[in-house]
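Protein chains in written order, with my numbering: chain Z, 236 to 462; chain R, 4 to 259.
Since the hints were made in silico from the structure, they are not lab data. Keep in mind that this is a model prediction, so the values were computed, not measured. Using N, Cα and C, we set each Cβ at its ideal position, and we do this for glycine too. Any given hint could be a false lead.
Which bits of chain R does chain Z cover? Going by a derived footprint, with three or more residues having C-beta under 8 Å, they are [as the list claims (entries may be wrong)]:
#	region
1	183-193
2	209-222
3	235-241
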Amino acid sequence: MITVTDLGKSFTLHNQNSAVIPVLEGANFSVAAGECVALTGESGAGKSTVMRILYGNYLAQAGRVVVNGLDITTATPREILTLRREVLGYVSQFLRVVPRVPTLEVVAEPLLSLGVAEGEARARAADLLTRLRIPERLWPLSPTTFSGGEQQRVNIARGFAHRYPVLLLDEPTASLDAQNRETVLSLIEEAKAEGAAIVGIFHDLEARERVADRAIDVSVFTPRKIA
Amino acid sequence: MTPLLQVRNIEKRYGARIGCADVSFDLYPGEVLGIVGESGSGKSTLLNCLAGHQSPDQGEVIFDTRADGPRDVRQMPEAERRMLSRTDWAFVHQNPRDGLRMRVSAGGNVGERLMAVGARHYGDIRQTAGDWLSKVEIDTARMDDRPSAFSGGMQQRLQIARNLVTGPRLVFMDEPTGGLDVSVQARLLDLLRGLVRRMGLSAIIVTHDLAVVRLLADRLMVMKSGHVVETGLTDQVLDDPQHAYTQLLVSSVLQV
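Just need the whole structure built from these sequences, with the hints factored in.
Below, the structure written as structure tokens:
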């Protein structure tokens, strides 16, 4: 589902003496359907950069990144938006929402934008919020005032609302208590069983051991001249 | 799919000075395009050229009309263009006073646009106007008040109701949340997003507020000195800006 070939990435900071910061060079890997791959490497090695490139959030300077048949390094914004709507899900570490939108809507939105009927989308959202132990009295409220852990769970519910064939997870179990962590891990296992290709960053070693089939050490992609 | 709007090489000069130049893009149905840049970058000039408020010196603005398919708006007779701006197009001004009739009641402001497209039954017009006032969260008890008695945020919401009542397919917005306090902004953003999704609108939003485009726009165009310096997916342009000016713009935003 994901094939990365000779991926290279550097940042050019035009307003800071045009400093060029090489981050990735010659990265090659692929992820098959039904497989969960963990990105590893120390902080600053480029794990999040790889994730963001896979999502089309960062531009690659070199190489190809093919997700579900679409090379996102050359795709138009429209093609990437369609890919994100239908195929490619991303659970980031932070929830970013329009203020005032109720939690239930926030979670149902990915389904609504796919044209799923309102009742069905809300039912799925309600089911996920229940599993993630967000009390029903909070559903009509905007998540902007929720605690960090609650926001993270709303974010996860939103990321799992549509059954994306490709899923990117950035520390999905961070700041969660044992019960909720367990729920998130079973959600990941269910998605895998349904055939989703999953790429994750897990600082939680036990979680990584349990859901990841293999690890990709991102530090081998660090350009040699600065390593 | 045919783009709703195809813009080709739009150029507008003020004497020797460039208002905007070499601007080309396609806008598809349901898509929201954000245009950002500092004041004087040409973003409002561009918007006015597209919406027919100013006449560009060069270029084409091709709109996919309901009746005849894609046509260059600049070649249309004046009457036809005015009809278009009353039916399929809408323009939300930064200052609601520019988009409202201040001496006409709130209901009248909304009803007027309906009458311009042929509605004649008073009861129906009043009913629809009332529905739209509720949609933009204006108490229908205020329907017969003049907008001059409204707060800035209410005036802006009234302007949006007046513009959207005829079910346009393309909305031009010039700093729609500028000059409003943040709580009102959030309300307006939520409203706009809901309307865009439910009505399948396409929109072009000019703003200098990067938080607004992040929440509303699918795609972003960054302008400087009349030229487009960078385009792309909104989150990509904001999170991994390539051009020096975009980097400056993004890094200048204060973190809250």
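Legend entry - Those earlier numbered hints the structure runs against, lowest number first: Structure breaks no hint.
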